[in-house]
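If you read the sequence shown in my numbering, its first letter stands for residue 1, the second for the next number, and so on.
These aren't lab readings, by the way, just hints derived from the structure by calculation.
Remember, it's a predicted structure, so these values are computed and weren't measured experimentally.
Please note: incorrect hints may appear among the correct ones.
[To be verified] Derived DSSO-like pairs: lysine-lysine, alpha-carbon spacing no greater than 27 Å straight-line:
hint : residue 1 : residue 2
1    : K309      : K407
2    : K258      : K407
3    : K309      : K355
[What the hints assert, rightly or not] Pair by pair, the computed Cβ-Cβ distance ranges are:
hint : residue 1 : residue 2 : range
4    : N461      : E172      : 50 to 58 Å
5    : E300      : G162      : 37 to 45 Å
6    : D211      : D274      : 44 to 52 Å
7    : G88       : Y490      : 41 to 49 Å
8    : N461      : T69       : 44 to 52 Å
9    : Y490      : T56       : 20 to 28 Å
10   : S604      : P44       : 32 to 40 Å
11   : N609      : T69       : 49 to 57 Å
12   : D586      : R389      : 48 to 56 Å
13   : D586      : G404      : 27 to 35 Å
Backbone N, C-alpha and C fix where the C-beta goes; we use that ideal spot for every residue, glycine too.
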Amino acid sequence: MAAFQSNSHRLTWTLGLLAVVAAAFVLFRPADSKDPRRTDAQQPGFRDLSAESGITFQMGFLPAEQGETFKINLYDHGCGVAIGDINGDGHDDVYFLNQLGANALFQNRGDGTFRDVTQTAGVALADRVSVGATFSDYDNDGDQDLYVTSTRGGNTLFRNRGNGTFDDATAEAGVEFVGHSQTAAFFDCDNDGFLDLLVVNTANWTSEAYDGGSQYFVGKGLIGGLNEVVGSSIEPNILYHNNRDGTFTDVTEDSGLKGRGWASDVAVFDYDQDGAQDVFISNMFGPDQLYRNLGSGRFEDVTATVLGKTSFGAIGCRVFDFDSNGTLDLFVVDMHSDMWMGLDYNHTSLQTARKHQASKFPYFYGPVTESNAELMMMERDLEGVLDFRHDGVLFGNVLYRNLGNGKFEEATAEAGLETFWPWGVATGDFDNDQHEDVFIAAGMGYPFYYWPNSLLMNQGNGTFLDQAETRGIEPPAEGIYLEDRIQDRYAVRSSRCAATADFDGDGRVDILTNNFNHRPYYFHNEFPPRNYFALRLRGTSCNRDAIGAVVTVTGGGRRQVRLLQGASGYLSQSSKVLHFGLGTADRIDLVEIQWPGGRRQSISTPGINQLLEIAEPEGGSDDGRR
1 MAAFQSNSHR LTWTLGLLAV VAAAFVLFRP ADSKDPRRTD AQQPGFRDLS
51 AESGITFQMG FLPAEQGETF KINLYDHGCG VAIGDINGDG HDDVYFLNQL
101 GANALFQNRG DGTFRDVTQT AGVALADRVS VGATFSDYDN DGDQDLYVTS
151 TRGGNTLFRN RGNGTFDDAT AEAGVEFVGH SQTAAFFDCD NDGFLDLLVV
201 NTANWTSEAY DGGSQYFVGK GLIGGLNEVV GSSIEPNILY HNNRDGTFTD
251 VTEDSGLKGR GWASDVAVFD YDQDGAQDVF ISNMFGPDQL YRNLGSGRFE
301 DVTATVLGKT SFGAIGCRVF DFDSNGTLDL FVVDMHSDMW MGLDYNHTSL
351 QTARKHQASK FPYFYGPVTE SNAELMMMER DLEGVLDFRH DGVLFGNVLY
401 RNLGNGKFEE ATAEAGLETF WPWGVATGDF DNDQHEDVFI AAGMGYPFYY
451 WPNSLLMNQG NGTFLDQAET RGIEPPAEGI YLEDRIQDRY AVRSSRCAAT
501 ADFDGDGRVD ILTNNFNHRP YYFHNEFPPR NYFALRLRGT SCNRDAIGAV
551 VTVTGGGRRQ VRLLQGASGY LSQSSKVLHF GLGTADRIDL VEIQWPGGRR
601 QSISTPGINQ LLEIAEPEGG SDDGRR
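Turn these sequences into a full structure, and let the hints steer you where they fit.
Right, dumping it as structure tokens:
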């Protein structure tokens, strides 16, 4: 969402802020200078094959909210993308969410090309603003069900009939909710072998006016001289406990996961390795929260003692081992702390944004705050409206390095993971060198200037280098501008979320985005082939999807760890297939699986360059291979 002011200040404050910011940047002109961290030589990497793949979807925005009359509200956050195998053929399929018009489900033909099966599957939901989605087998019957969140259109649970078509099971399952939802994540909160459902919500940032033509509730914004968005009444998160009979019970009050409102994303992982799944929730405005699972599906907030400071304006989050030391770290990207320039129709802040893209500032309003008394007053007012303290937050991305003792330390700057205007984050070992890399979907779109996505390649020493320009990610194949202008102005392309999967089974991880008011990018991986190993897990006593499993692969002198995650990264879900690059290693010595609930399993010297399916052993010496 674009820069905001609190609901206790009138329009003159807003106009004053924009004037101050514009004056601060009057000496700067838009320039085409490159990020100095980028390299110049073209190298093998990715190629956008969306046109050739059969993916015909285009996300449609709401013109009255983010087009001709640009408002400051969450409709500019766009929509998500989810990956899952809907028909059990072993190939990952793709579901795109939409604001204006139908969602779209594309079935993978097995070679990385797709066909639209939305209508036959029954998951279009064209009558509402959809936001995020996640595939999971909530009833343990062996197929992928689908949960979709919405902005006041009603969240929906689709039960898979077993053949890739779906029934609406929302009312029957007891998960009806109409509000301002973001990410939903399935995980087993009490280790009973069935997936529970956590839905994170924001606040009542829409009005009661309903646009029947476009079928949405009009968003609040700069209405009547006041910014009504940030002061909106918050909506608590919801935890639904799986009753193991296809229904759920709302256990939010007892769980401790109601949160502070304004939640955006979820990362579920056992940070203290006590066998219970803990929950991290990123918040758009104010501190994030880390909740420790007490072992029975009840949680306590341990943010201050475990993480310390958190980001102020977080959007996406993702768990991965950034420094390849065998422990799971947490990465959080912060979009809203980069909106210090206000509505920049004339793009006067571009050069300063480039200069400071890897910087954190001590204030929300960035490089111009401390020298301006009016902005400092607004900062103090912001603390009261959003109930936070400046000394408890960081204004920028936050990478938490796992210290291995239930504690973390902030390591963003030294890793090179501070970026500008980030939304969603996805990870994968894109070049199969035994180190996980990071893709960040970025940019604002109209009325702002173009900002590139980031491809942050892991250098193997705990640092990252942005190679988006040299590896085929940037610039977009069709240029930085959309085909259609808005108010006779050029409108730039921008991405909102990303997910990863090996769509064509060639042992290389591809990237898929959902873009704002635009078609997706399907970045096909064309790095030189290297050895790899992939796993598909199936739970028996734990949940069927094995969400929460941790796999460690030892080979080539390294130990790599992966977490089987549900939805995370921001409105997105990547493949449940766990992929390990092996570099030059020609064998794996050991695979260790810690299944949800605590059961451990070891497999010696499996073959490489294959996708191995492993079922959780029910007892005895069966290693579960299939």
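Status of the hints after comparison with the structure:
no.	hint	in the structure
1	K309 <-> K407	13 Å, holds
2	K258 <-> K407	24 Å, holds
3	K309 <-> K355	25 Å, holds
4	N461 <-> E172: 50 to 58 Å	52 Å, holds
5	E300 <-> G162: 37 to 45 Å	39 Å, holds
6	D211 <-> D274: 44 to 52 Å	49 Å, holds
7	G88 <-> Y490: 41 to 49 Å	45 Å, holds
8	N461 <-> T69: 44 to 52 Å	48 Å, holds
9	Y490 <-> T56: 20 to 28 Å	24 Å, holds
10	S604 <-> P44: 32 to 40 Å	34 Å, holds
11	N609 <-> T69: 49 to 57 Å	54 Å, holds
12	D586 <-> R389: 48 to 56 Å	54 Å, holds
13	D586 <-> G404: 27 to 35 Å	30 Å, holds
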